[in-house]
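Peer 1: Here's the letter readout for the chains.
There are 2 protein chains.
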Amino acid sequence: MQTISVIGGSGELGGGLALRWARAGFAVIIGSRDADRAQQVADELNAATGSTLAKGMQNYAAAEAGDIVLLAVKFSHHKATLEELKPALRGKILIDTTVPLVPPKVARAQLPPEGSAAVIAQKVLGGDVDVVSAFQNVSAELLQSDERPECDVLVTGAKPDARQTVIELAEKAGFKAWHAGPLENSAATEALTSVLIFMNKKYSSGHAGISITGIDAD
Amino acid sequence: MQTISVIGGSGELGGGLALRWARAGFAVIIGSRDADRAQQVADELNAATGSTLAKGMQNYAAAEAGDIVLLAVKFSHHKATLEELKPALRGKILIDTTVPLVPPKVARAQLPPEGSAAVIAQKVLGGDVDVVSAFQNVSAELLQSDERPECDVLVTGAKPDARQTVIELAEKAGFKAWHAGPLENSAATEALTSVLIFMNKKYSSGHAGISITGIDAD
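If you're matching them up, the sequences are chains P and U in order.
For the record, in the first sequence the residue sitting at position 79 is 79 according to the working numbering, with numbers rising by one throughout.
For the record, in the second sequence the residue sitting at position 167 is 167 according to the working numbering, with numbers rising by one throughout.
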């Protein structure tokens with residue numbers, strides 16, 4: 001089975017996905033800027049799953065050790081982190097979960113001039129890395145539970161095979177996941193996060209998400 | 001009851017929404033660049049509903065006659081149409097349904113530098129018009145049936161009252177509709193249309209749409 005490294009694995013989204021993948025039997029590596037913090041999160045994760053599937057490492061070592069690498073850092077650290085990790089990502093799939101939120105107005109979509117965070121990632125990493133964008137619309141809190149999240153995952157990227165790999169990983173984490181087109185379509189999922197943040201304030205009771213209707217995944 | 005004018009009412013989306021509103025008892029005005037064509041569509045609509053609720057007019061006269069005006073033209077005509085209609089829209093709600101598709105790659109999100117078509121509309125029309133963005137993700141074909149469409153409508157705009165008016169109109173047309181935040185969040189709905197076009201090609205059997213999960217509209 002593949003080893004999945006989660007850069008920013010001490011954060012809510014990264015840590016929640018790592019937990020779900022460890023539960024599904026994957027070896028996961030928690031990456032953090034602080035190796036001690038990474039190991040602490042990995043220890044907690046192993047305690048929660050009753051396994052030894054998680055290890056903690058500093059971000060660069062984590063990126064080197066993973067077969068597939070997921071990036072879950074704030075937009076303000078996105079580009080610098082990618083530039084740092086670039087040599088370690090060659091030949092791999094980089095799953096970018098970044099949403100280009102501009103605090104304090106996080107309920108307002110403010111996409112970057114390049115089009116999306118994922119498009120920036122592909123530009124920084126170049127053609128040797130398959131950037132696939134996913135998980136922007138997932139509530140990190142819901143990942144902590146055992147339940148199947150109500151939110152579908154839209155997966156965008158240039159290469160259908162790389163998208164398919166990420167769709168299968170999303171399914172292992174308990175999600176319904178879909179091919180959502182080329183990487184440029186991450187503009188939709190990234191902007192949609194601000195819509196969902198707005199809805200969570202406007203409407204009561206819950207974690208807003210989306211579900212695709214009208215078609216069958218077959 | 002309010003009169004709803006549909007600019008581009010001879011097109012599939014505009015004509016389908018006009019049909020649903022006429023069925024719900026609204027007076028609707030079909031606007032087209034060609035007054036004869038507009039009247040022909042209005043006659044067909046009256047025949048379909050067994051009423052005389054629809055009239056046809058040239059676009060400018062239609063915009064003048066409507067209490068609320070919906071714009072359903074191609075992106076290539078979007079800005080010029082708004083500039084033409086601007087004097088007739090003063091003090092009204094303009095519902096912008098435009099998706100900034102760039103043929104031939106319509107399954108690839110390519111938002112304009114301004115952020116979205118709806119943001120362009122507000123810039124062209126200025127502060128005297130309340131631009132509200134909606135209906136981007138609706139399959140025009142499904143509007144022809146009597147059935148409740150499976151696709152939710154995300155409504156964005158600067159003013160909550162204007163959004164609420166459009167939400168109620170969407171409900172009269174048979175949709176579940178939601179406050180989705182400021183007008184800038186139309187980037188999400190506009191880009192999502194390319195995702196849904198992609199999915200309709202990739203997956204079999206249907207009209208892809210979205211549904212909001214995890215929260216209650218109350």
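Do not rely on the hints blindly, as some may be mistaken.
Same chains, same names: a pair is fine if it fits in one copy or spans any two.
Said to hold, decoys possible - Capping the alpha-carbon separation at 25 Å, the derived lysine to any residue pairs in SDA-like fashion look like this:
hint : residue 1 : residue 2
1    : K202      : E84
2    : K105      : E141
3    : K74       : P182
4    : K172      : E114
5    : K105      : P182
6    : K176      : D36
7    : K86       : G214
8    : K105      : S145
9    : K172      : S204
10   : K201      : A158
11   : K92       : E171
12   : K86       : G206
13   : K79       : S145
14   : K176      : G25
15   : K105      : G127
16   : K86       : A47
17   : K201      : A80
18   : K92       : D34
19   : K159      : G50
It should be emphasised that the hints constitute simulated quantities derived from the structure, not laboratory data.
Being a predicted model, the structure only gives us computed values, none of them experimental.
Peer 1: Each hint needs a verdict: does it hold in this structure or not?
Peer 2: Verification of the hints:
Taking the shortest Cα distances, K202 and E84 never come within 25 Å of each other, neither inside one copy (39 Å) nor across copies (36 Å). In this assembly of identical chains, K105 and E141 lie within 25 Å of each other by CA distance solely inside one copy; the values are 21 Å within and 37 Å between copies. In this assembly of identical chains, the alpha carbons of K74 and P182 lie at most 25 Å apart whether taken from the same copy (23 Å) or from different copies (23 Å). In this homomeric assembly, K172 and E114 never come within 25 Å of each other (Cα to Cα): the closest approach is 32 Å inside a single copy and 39 Å across copies.
With identical chains, the CA atoms of K105 and P182 are at most 25 Å apart between copies only, with a shortest distance of 11 Å across copies and 28 Å within one. In this assembly of identical chains, the alpha carbons of K176 and D36 never lie at most 25 Å apart, being 34 Å within a copy and 49 Å across copies at closest. Taking the shortest Cα distances, K86 and G214 never come within 25 Å of each other, neither inside one copy (39 Å) nor across copies (37 Å). Neither within a single protomer nor between protomers do K105 and S145 lie at most 25 Å apart by alpha-carbon distance, with minima of 29 Å and 40 Å respectively.
In this homomeric assembly, K172 and S204 come within 25 Å of each other (Cα to Cα) only across copies, at 23 Å, whereas the closest approach inside a single copy is 30 Å. Proximity of K201 to A158 under the C-alpha cut-off of 25 Å is restricted to the inter-copy arrangement: shortest distance 16 Å between copies versus 34 Å within a copy. Only within a single protomer do K92 and E171 lie at most 25 Å apart by alpha-carbon distance; the minimum there is 20 Å, versus 47 Å between protomers. Taking CA atoms no more than 25 Å apart as the test, K86 paired with G206 passes in neither setting, with 38 Å inside one copy and 41 Å between copies.
Proximity of K79 and S145 under a CA criterion of 25 Å is satisfied in neither setting, with 31 Å inside one chain copy and 48 Å between copies. When the C-alpha separation of K176 and G25 is checked against a cutoff of 25 Å, the pair qualifies only within one copy, where the shortest distance is 19 Å, while the shortest distance between copies is 40 Å. In this assembly of identical chains, the alpha carbons of K105 and G127 lie at most 25 Å apart only when taken from different copies (21 Å versus 33 Å within one copy). Taking the shortest Cα distances, K86 and A47 never come within 25 Å of each other, neither inside one copy (32 Å) nor across copies (64 Å).
For the homomeric pair K201 and A80, neither the shortest alpha-carbon distance inside one copy (31 Å) nor that between copies (37 Å) is at most 25 Å. Taking the shortest alpha-carbon separations for K92 and D34, only the intra-copy value of 23 Å comes in at or below 25 Å, while the best inter-copy value is 56 Å. Neither within a single protomer nor between protomers do K159 and G50 lie at most 25 Å apart by alpha-carbon distance, with minima of 36 Å and 51 Å respectively.
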